[in-house]
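Once you've looked at the hints, dock chain Z against the given chain F.
The lines below spell out each chain.
Protein chains: 2
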Amino acid sequence: MATITIFGTGNMGTSIGSVFAAGGHSVHHIGSDASSPKVEGEIVVLAVPHAAVADIVDSVGAQLDGKIVVDIANPVDFETFDGLAVASDGSAAADLAAALPSARVVKAFNTNFAATLASGKVGDAITTVLIAGDDTDAKSELAQAITAGETVTVIDAGSLKRARELEAIGFLQITLAAAEKISWSSGFAVVR
Amino acid sequence: MATITIFGTGNMGTSIGSVFAAGGHSVHHIGSDASSPKVEGEIVVLAVPHAAVADIVDSVGAQLDGKIVVDIANPVDFETFDGLAVASDGSAAADLAAALPSARVVKAFNTNFAATLASGKVGDAITTVLIAGDDTDAKSELAQAITAGETVTVIDAGSLKRARELEAIGFLQITLAAAEKISWSSGFAVVR
Chain F
1 MATITIFGTG NMGTSIGSVF AAGGHSVHHI GSDASSPKVE GEIVVLAVPH
51 AAVADIVDSV GAQLDGKIVV DIANPVDFET FDGLAVASDG SAAADLAAAL
101 PSARVVKAFN TNFAATLASG KVGDAITTVL IAGDDTDAKS ELAQAITAGE
151 TVTVIDAGSL KRARELEAIG FLQITLAAAE KISWSSGFAV VR
Chain Z
1 MATITIFGTG NMGTSIGSVF AAGGHSVHHI GSDASSPKVE GEIVVLAVPH
51 AAVADIVDSV GAQLDGKIVV DIANPVDFET FDGLAVASDG SAAADLAAAL
101 PSARVVKAFN TNFAATLASG KVGDAITTVL IAGDDTDAKS ELAQAITAGE
151 TVTVIDAGSL KRARELEAIG FLQITLAAAE KISWSSGFAV VR
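Note that the protein sequences, when read in sequence, are chains F and Z. Here the working numbering is used: the first residue of the first sequence is 1, the next is one more, and so on. Here the working numbering is used: the first residue of the second sequence is 1, the next is one more, and so on.
Chain F on its own, in the form it takes in the complex (with noise of 0.2 Å):
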């Protein structure tokens, strides 16, 4: 069983860290409140808002060496909410790469409602958890402990550029509850 940390404490860290204890792993959050914090976890999942990671990177980044980092982040542009706020050929979960290079960067989590990792279900579908990352074995140990309470499954989208299309999905989808075309408790599901 691994050591999960979670970073966050709202909808998205308590409805992933669920899905986590299900498999019967150590869960553990960081609240934004708390003060030099240890990062106890060999996955380490950023469940706060993208301008949010710029802090933990500056505040606990050496500690992240060698983990597994989960970057979830839909880097809405919420001036405009007409597009995302990185470089256009780019991605958060690209950006958190460069910014930690010594950790294993991977993309999960952003295109799923909190509500569908907690129930499991996207309709009467499984909800499924695309991840995409350039280090294999970060990802395939994140699958296994990410599938092992079987609530949810896993499809490995390829590499961290595919970041870029799981952000899209994630601000599309977005875009389209807030406009109450879906709803929060649904949205994009993924059929094999």
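Mixed in with the good hints there might be a few duds.
[Said to hold, decoys possible] Heads up, simulated EDC-like pairs for lysine to aspartate or glutamate below, C-alpha to C-alpha not over 16 Å straight-line:
#1 Lys38/Z - Asp58/Z
#2 Lys67/F - Glu42/F
#3 Lys67/Z - Asp135/Z
#4 Lys161/Z - Asp82/F
#5 Lys161/Z - Asp77/F
#6 Lys38/Z - Asp55/Z
#7 Lys161/F - Asp82/Z
#8 Lys181/Z - Asp156/F
#9 Lys121/Z - Asp124/F
#10 Lys67/Z - Asp134/Z
#11 Lys67/F - Asp135/F
#12 Lys121/Z - Glu150/Z
#13 Lys67/Z - Asp137/Z
#14 Lys67/Z - Glu40/Z
#15 Lys38/F - Asp55/F
#16 Lys67/F - Asp137/F
#17 Lys161/Z - Asp89/Z
#18 Lys161/F - Asp77/Z
#19 Lys121/F - Glu150/F
#20 Lys161/F - Asp89/F
#21 Lys121/F - Asp124/Z
These aren't lab readings, by the way, just hints derived from the structure by calculation.
Below, chain Z without anything else, positioned relative to chain F:
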């Protein structure tokens, strides 16, 4: 009832034609061997490989003025299979709209595999055609024509700028099917 002209007689052209035909519309196909084709429909679907779109623009562009022109392209860069052959902040649909300034360009069908249009199902979910465009009336007319047969449903994903995200979804879906992580008869479903 509308008259629909579909460029292309392949899997996508045929399946899209069946969606419109189910609604009682008059559907005409134009094959790649047609010389001096006459475009009769008020809705024109370019169900051809992305590389063939420019030829259609050259040969019949003037006939498309004022018409609803449906771009279904997934402009995959087949040399790398690692991205799209369009500007990273743009889309094939935006390029088409620039090439046909007097047409009413709508992005549609590019997130649907042909089999899911023919069956009306992605797994247990009804097939959703995501559309995007800047001409609200054009989108509304197209959505009515697509849904008249009640075989599939439509969600308006927003302005033509959202074609960027729709093309990201289409591309990712193709890479997943090519890697046999999903089948060519399933893929992304939209659950409301």
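Hint check results:
1. Lys38/Z - Asp58/Z: 14 Å, holds
2. Lys67/F - Glu42/F: 5 Å, holds
3. Lys67/Z - Asp135/Z: 11 Å, holds
4. Lys161/Z - Asp82/F: 8 Å, holds
5. Lys161/Z - Asp77/F: 14 Å, holds
6. Lys38/Z - Asp55/Z: Satisfied, since the Cα-Cα distance of roughly 15 Å is no more than 16 Å.
7. Lys161/F - Asp82/Z: With Cα atoms ~8 Å apart, Lys161/F and Asp82/Z stay inside 16 Å; holds.
8. Lys181/Z - Asp156/F: 8 Å, holds
9. Lys121/Z - Asp124/F: 13 Å, holds
10. Lys67/Z - Asp134/Z: The hint holds at about 14 Å.
11. Lys67/F - Asp135/F: Holds, at roughly 11 Å.
12. Lys121/Z - Glu150/Z: Holds - the C-alpha atoms of Glu150/Z and Lys121/Z are around 12 Å apart, at most 16 Å.
13. Lys67/Z - Asp137/Z: Measuring from Cα to Cα gives roughly 12 Å; hence the hint holds.
14. Lys67/Z - Glu40/Z: Holds, at about 10 Å.
15. Lys38/F - Asp55/F: 15 Å, holds
16. Lys67/F - Asp137/F: 12 Å, holds
17. Lys161/Z - Asp89/Z: 9 Å, holds
18. Lys161/F - Asp77/Z: Holds, at roughly 14 Å.
19. Lys121/F - Glu150/F: At roughly 12 Å apart (the allowed maximum being 16 Å), Glu150/F and Lys121/F satisfy the hint.
20. Lys161/F - Asp89/F: The given pair, whose Cα atoms are some 9 Å apart, holds under the 16 Å limit.
21. Lys121/F - Asp124/Z: 13 Å, holds
The structure meets every hint from the earlier list without exception.
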